[in-house]
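Asker: If you want the building blocks of each chain, they are given just below.
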Amino acid sequence: MLLTNGCSFVFGDELPGYETEEHWHHTFTYKLAEKLKIDWVNLGTCGGSNQKIFRDTIHYLNDPTKEKPTHIVILWSAWQREEVCENHSDDFEKERELKRTHCMTQISPARVSNLKPELRKPLDTLYDCYDVTRTGIIRTLSYMENMELVCNALGIKLIQGVFHELMYRNLLDKLHRRNRNMDWGTWMDWVEETYGRLPKTSRVGMSEYEDLYSVGKRHKILEYGHPDEHAQTEYAQILYDIFEENFN
Amino acid sequence: MGIVLSSGDSFTYGDELPGSRNPEGLRFDTHHHHTFTHKLSEKLGKEYVNIGRNGSSNMKIFRRTMDNIMLHGPDNIDLLMVTWSNFGRFEICEPFKFHDDKVVFIHSESNMNQIIPDQHATHMELRYAGPIPERERILKEYVRNVLTHHTQVFHALNFMTQIQWICDQLNIPVIQGVIHGDMYINYLHTLQRNDDWKDYKHEAILKYRMLREECRIGFGVYKDIYFTGVDNGHKVFPMGHVDENAHTDYANMLYDIIKDKELLDVTD
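Chains as they are written, first to last, in my numbering: chain Y, 1163 to 1410; chain D, 565 to 832.
Bound-form chain D, shown alone (with noise of 0.2 angstroms):
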């Protein structure tokens, strides 16, 4: 029997849940039990691994998600989920990491430093990035000018409709989602100003398209996990996580969709 193979950011991480961010580090943390991989997990009947990790752009989940496949080996997955984080987010590789990563519990790794700017609906901003004044100038003056949400928005849909083929041609059940809602307006304001990028449209509508609908939860289709805690009257965590019972909703919605789209052998 496989894995299910569950990739993401904090909100796959299961950050903010009670036992999460130990200051010991990630192997002390105590809460995969709260997680919606491990309910989800329990009710496939099937063991996961979840490599979700804190503040990850979606160029690092991607590249997580490939190196994890090709570890485990594809016969041996049952099941990826991808939970794709906040569009604007991406990394630079720097000979250095922050003492505020890791206060924010930032995983670290290969060198490859993640920058997070807030994301709104036609624009991102960085309000923030790290104690070293000039390189947050820099960073913010990029952000500010050149990161729109059309290169963002483009990357992540290719790298949406890249997981959904890739996992066909080694027969990967697969689910993808998005974390936040907005990220669907995000999207669309992207297809917005009369005839103004015309080819990007063209392109992005395309692999939007040809995602399925179990490859686009809470984008455009089905509730992200974010909403599902929300609208259902759950508790949001300071860091603007959701909590348990968010993820328990969130696992039962996933079940009822790999049970729907017959992605798994499935009986209640």
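Just chain Y, same shape as in the assembly (with noise of 0.2 angstroms):
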């Protein structure tokens, strides 16, 4: 069984058929599974922030009513995502059609609308106090490590990366060598380690093969920026050819 997660580029976001979910043969979780003629699941969520996917991968492996994957693909999503848990009423979810699980409300600086409006002012006055992308690379560094352990102990075929090629960008940019001379030495020799231990198959759109967003420029990026139906068919493609390539 091929088991996927991420966020709305996982899920599908503006596909034909989304808004009801009868969308799911276009997505490349459907596609890749076909080829691999298994059985798949796609936990993927819109904006869903990298804690999430962690947390909801975990919780899946760990639930015993739930078939167990032999293929793991994993797209994490923005650096600078995070999540607060808030209560709202019953229509919340639905005036916002937003989909939150657990009272877990996703976030980012560009997404702090979503929030209770008591909350955003704050929140966004923090944003603008410390280094929301270098914080989100180490915790998501952190489990993308965690997950090739897992994995590897398990023996799934795992393949992870990032969603879209900014985020390899922003990596790229907090790793440039003058960042060492303004105080930033400690992080870029733990992410400079840790994203050095990750194979290739666990680089996916951060210097090895491509990342979902830049397949789609080849093809139609739609209204809210998701890839189509046929940057997901490509892109199920190139991972196909990254499980035959190495892990047969």
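None of these hints come from the bench; they were simulated from the model. The model shown is predicted, which means the values in this text are computed figures rather than measured ones. Be careful, since some hints might not be right.
Stated by the list, open to error - Straight-line alpha carbon distances no greater than 27 angstroms define the calculated DSS-like cross-link-like pairs of lysine-lysine that follow: (1) D:K666 - Y:K1283; (2) D:K787 - D:K607; (3) Y:K1278 - D:K704; (4) D:K762 - Y:K1261; (5) Y:K1256 - D:K765; (6) D:K765 - D:K607; (7) Y:K1283 - D:K661.
Said to hold, decoys possible - Rough simulated footprint, nothing fancy, chain Y against chain D, three-plus residues with beta-carbon under 8 angstroms: (8) 631–641; (9) 703–713; (10) 779–785; (11) 803–813.
Beta carbons are placed, not taken as given, at the ideal position from N, Cα and C, and that holds for glycine.
Two chains, two separate frames, one set of hints: put the complex together.
Answerer: Here it is in structure tokens:
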């Protein structure tokens, strides 16, 4: 069985039928599973932070009632995203067309509008105060290494990477040597070491292979920035080739 | 033979024990034989690595625990012991560290500064956040208005269930606990308030129930290290850490748990 997780790119946002969740056959998850001749489970959610992606993946694997995957693909989301636990009325999610689980609102510096008004200002101000991207990079690389460890132990074939080319650019920018002279040295040491330990199958879209957004640029990027179904088809083939090249 | 890997905050490090807080730095500290990690490892007849550090948030504890499992290799770890810190702590990445952190021996790593609010039953409060007034104001406002026990308890419960499950997959015997029994009260508080927070409560209770007894020491079952000291009439130091006698009693209790739960082949 193929298990995939990530943000809206994995969910298949904007693909035909996505509003009623009748779009699954357009997603790379479906197409890849078809090539591998196995079943699939898609845990991707719109706006999902990497905290949520890691938590949901481990929770799924930890659930004895669920079928265990033979293959996993994770496309990690924007470094800056995180989550805050908030209580809202039952209608809130319907009104905002927002899916939340466990009262956790998924946020980022660009997406504080989903929060209660009284939370927005202090959070906005906080985002100006520290380096949100670097905090997210260290957290996400740690998750990626943990997934490597777990999948190796369980004999699961794992491909992981980033959903968008900007993430690798962010990473390279933060690792630029000029930053050493700006007191980011110990952060850079940790990130370089951890990133360096990841195999190429865990660096998809980050110096190895292509990210889904870049593939989408060869086809069509839809109104809200998501790749179309042709990009999903090509990406499924890329992932299939990675599995064939590295795990067989 | 493998090691005992012990992870946590200052309670695990053994802060305020005689020989800790050497002005020359961590590696000059001579207090290690007073810690519960040393005492338990001695009883088990095993070498140990103590990666507990002062001021650690639970995110930092989780990251360093996983880093060290990979560093030493799962096959070389005979027992993992994680003692989680207060829920309120969190970390942010900044291009500086404060002299004040050095004064209270807070360990600095990877540019991740640890923010340490006071923890009350229903809320958290940041009294001090370093010498930059504007930064302190922003962090105080964030803690007052945004940071809730719900967010922090939720993440901590996930760290605990994740560590338990990962260790099961790697065949590493594991025990986990919290530093202070009041953390269980904090958790219970998040479950109150009528019909609010329904989804949160469902998931928090589910995650809590997933934890085996030996993975929630001081968190509704057994005694935490702080109350092990206080209830047994031992001394609490000025910064709130317990003395060597508490560490001894705590190590004895952990030893009994390991024996009862048959986590290791223990013979008296």
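Asker: With reference to the structure, classify each hint as holding or not holding.
Answerer: Tested hints:
Distance check on the hinted pair: K666 of chain D and K1283 of chain Y sit about 31 angstroms apart at the alpha-carbon level, beyond 27 angstroms; violated. For the proposed pair K787 of chain D and K607 of chain D, the alpha carbon gap of about 19 angstroms is at most 27 angstroms, so the pair holds. Of the pairs offered as hints, the one joining K1278 of chain Y and K704 of chain D holds, with about 18 angstroms between alpha carbons and a cut-off of 27 angstroms not exceeded. Among the hinted pairs, K762 of chain D with K1261 of chain Y is consistent with the structure: their alpha-carbon atoms are about 15 angstroms apart, no more than 27 angstroms.
Taking the CA atoms of K1256 of chain Y and K765 of chain D, the gap is about 20 angstroms. The hint holds against a cut of 27 angstroms. With a C-alpha separation of about 40 angstroms, the suggested pair K765 of chain D and K607 of chain D falls outside the 27 angstroms cut-off, and the hint is violated. With a C-alpha separation of about 26 angstroms, the suggested pairing of K1283 of chain Y with K661 of chain D holds against the 27 angstroms cut-off. Counting residues of the region 631–641 of chain D whose beta-carbon sits less than 8 angstroms from any beta-carbon of chain Y gives 4, enough to reach three: the coverage restraint holds.
Only residues whose C-beta sits within less than 8 angstroms of a C-beta in chain Y count toward coverage, and the region 703–713 of chain D has 7 of them, enough to reach three; the restraint holds. Check result for the region 779–785 of chain D against chain Y: violated, 0 residues qualifying (beta carbon to beta carbon below 8 angstroms, three or more required). Remark: the region 803–813 of chain D is not confirmed as covered by chain Y, as 0 of its residues place a Cβ nearer than 8 angstroms to a Cβ of that chain, below the required three.
Checked against the numbered hints above, the structure breaks hints 1, 6, 10, 11 and satisfies the rest.
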